[in-house]
Amino acid sequence: MKVALVYDRVNKWGGAERLLLSLHKIFPSADLFTSVYKPKTAPWANVFKVKHSFLQNFPIAKTAHELYAPFMPLAFESFNFEDYDLVISLTSEAAKGIITKPGTLHICYCLTPTRYLWSGYDIYFKNLLLRLLSAPLVSYLRNWDRVASQRPDEYIAISAEVSKRIKKYYKRSSQVIFPPLSISDATPKLPEARDYFLIVSRLVAYKKIDLAVKVFNKLKLPLVIIGTGWEEASLKSKAKDNVTFLKNLRDEELYGYYINSKALVFPGKEDFGLSMAEAQFFGKPVIAFGEGGALDIIKEGITGVYFKSEDELMNILENFNASLYNKEACVENSQRFSFKNFKKELLNFIEKV
Numbered sequence: 162m163k164v165a166l167v168y169d170r171v172n173k174w175g176g177a178e179r180l181l182l183s184l185h186k187i188f189p190s191a192d193l194f195t196s197v198y199k200p201k202t203a204p205w206a207n208v209f210k211v212k213h214s215f216l217q218n219f220p221i222a223k224t225a226h227e228l229y230a231p232f233m234p235l236a237f238e239s240f241n242f243e244d245y246d247l248v249i250s251l252t253s254e255a256a257k258g259i260i261t262k263p264g265t266l267h268i269c270y271c272l273t274p275t276r277y278l279w280s281g282y283d284i285y286f287k288n289l290l291l292r293l294l295s296a297p298l299v300s301y302l303r304n305w306d307r308v309a310s311q312r313p314d315e316y317i318a319i320s321a322e323v324s325k326r327i328k329k330y331y332k333r334s335s336q337v338i339f340p341p342l343s344i345s346d347a348t349p350k351l352p353e354a355r356d357y358f359l360i361v362s363r364l365v366a367y368k369k370i371d372l373a374v375k376v377f378n379k380l381k382l383p384l385v386i387i388g389t390g391w392e393e394a395s396l397k398s399k400a401k402d403n404v405t406f407l408k409n410l411r412d413e414e415l416y417g418y419y420i421n422s423k424a425l426v427f428p429g430k431e432d433f434g435l436s437m438a439e440a441q442f443f444g445k446p447v448i449a450f451g452e453g454g455a456l457d458i459i460k461e462g463i464t465g466v467y468f469k470s471e472d473e474l475m476n477i478l479e480n481f482n483a484s485l486y487n488k489e490a491c492v493e494n495s496q497r498f499s500f501k502n503f504k505k506e507l508l509n510f511i512e513k514v
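The opening residue of the sequence shown carries number 162 in my numbering; numbering runs sequentially from there.
Hints are not guaranteed to be accurate.
Below, in silico cross-link-like pairs of lysine-lysine (DSS-like), each with a Cα-Cα straight-line distance of 25 Å or less [unchecked claim]:
hint	residue 1	residue 2
1	K328	K513
2	K488	K173
3	K488	K262
4	K401	K173
5	K287	K469
6	K212	K325
7	K401	K375
8	K262	K287
9	K504	K287
10	K199	K408
11	K262	K173
12	K504	K399
13	K350	K488
14	K504	K163
15	K460	K369
16	K504	K325
17	K381	K287
18	K423	K408
19	K469	K504
20	K513	K332
21	K332	K408
22	K488	K460
23	K501	K469
24	K369	K329
25	K369	K332
26	K212	K199
27	K212	K163
Calculated from the structure, these hints are not laboratory results.
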């Protein structure tokens, strides 16, 4: 069986990229199709034979792909999959819009329906002028996205939350298969700091890291934020001395920060939230916003606690006692997200369809 993987863009590192590498472990000979590929910022992709679209040669497309949103539909429609038996599109945007022939099975592993068009529209276009100027483009992309959403033969969702969105925006059913943890065998390197709260996240608006910074500024509790993104400069300008920012950590360093932390804080409504599962793997409780992917991961009162407002988060942090959460229960909970379970569920799904 000849397999192809399709991903929106290959130019960064995060939870979706870890999932892509997990798919590679199952299908090691699969080719990878994408809109743009930047090897310098995506060295993890060197295990693939990467096939990029015509956008690769457009000015700054590899780093500012957002500027070429109108061309993404054509980029993915231009690929030819007639030589493949199975195509899996891993996507939160346009990759599901590939065109396959009847003899090719196309499964969309959906990270979320295109966020800036649907569930996150009000966040991305909160500026009224931007909303007005972009209205024609958004209308075009929404219409194309609806059409493209009907092209996959089957859908897999990464969480119950995403499954609901697929039904709401695309009118399609999906099966939930959780992404797997991808913990390397690196020996943790423990930092000098201890008993801090931890955030591991891309620093983008919908992650609500600004809420956490605001609360920790008031409480003056130690917070370590690990990650990069468009909001980094803004968040640093708002944060007080009790908030530390780190980035580009090796696995052994990241694992050390998990181990020495008091708890992971997850302030946004996430599609899944792999860092929550990672924290559980290292025996750490999670303080999470009580919607989205967190509901699939955290067992409230046993492996973590939910909050729904800024005041609730402040109250939880002020009175937080890590000893109330069982380390062994956290570790056991993380086993639901093992690669072994992921592989078994995915292959069973493919066999059935």
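Cross-check of the supplied hints:
| no. | hint | in the structure |
| --- | --- | --- |
| 1 | K328 <-> K513 | holds, 21 Å |
| 2 | K488 <-> K173 | violated, 32 Å |
| 3 | K488 <-> K262 | violated, 50 Å |
| 4 | K401 <-> K173 | violated, 28 Å |
| 5 | K287 <-> K469 | holds, 22 Å |
| 6 | K212 <-> K325 | violated, 32 Å |
| 7 | K401 <-> K375 | holds, 9 Å |
| 8 | K262 <-> K287 | violated, 40 Å |
| 9 | K504 <-> K287 | violated, 40 Å |
| 10 | K199 <-> K408 | holds, 19 Å |
| 11 | K262 <-> K173 | violated, 31 Å |
| 12 | K504 <-> K399 | violated, 43 Å |
| 13 | K350 <-> K488 | holds, 20 Å |
| 14 | K504 <-> K163 | holds, 18 Å |
| 15 | K460 <-> K369 | holds, 22 Å |
| 16 | K504 <-> K325 | holds, 23 Å |
| 17 | K381 <-> K287 | violated, 30 Å |
| 18 | K423 <-> K408 | holds, 19 Å |
| 19 | K469 <-> K504 | violated, 34 Å |
| 20 | K513 <-> K332 | holds, 21 Å |
| 21 | K332 <-> K408 | violated, 39 Å |
| 22 | K488 <-> K460 | holds, 13 Å |
| 23 | K501 <-> K469 | violated, 33 Å |
| 24 | K369 <-> K329 | holds, 24 Å |
| 25 | K369 <-> K332 | violated, 28 Å |
| 26 | K212 <-> K199 | holds, 12 Å |
| 27 | K212 <-> K163 | holds, 15 Å |
Consistency note: the structure conflicts with the earlier hints numbered 2, 3, 4, 6, 8, 9, 11, 12, 17, 19, 21, 23 and 25.
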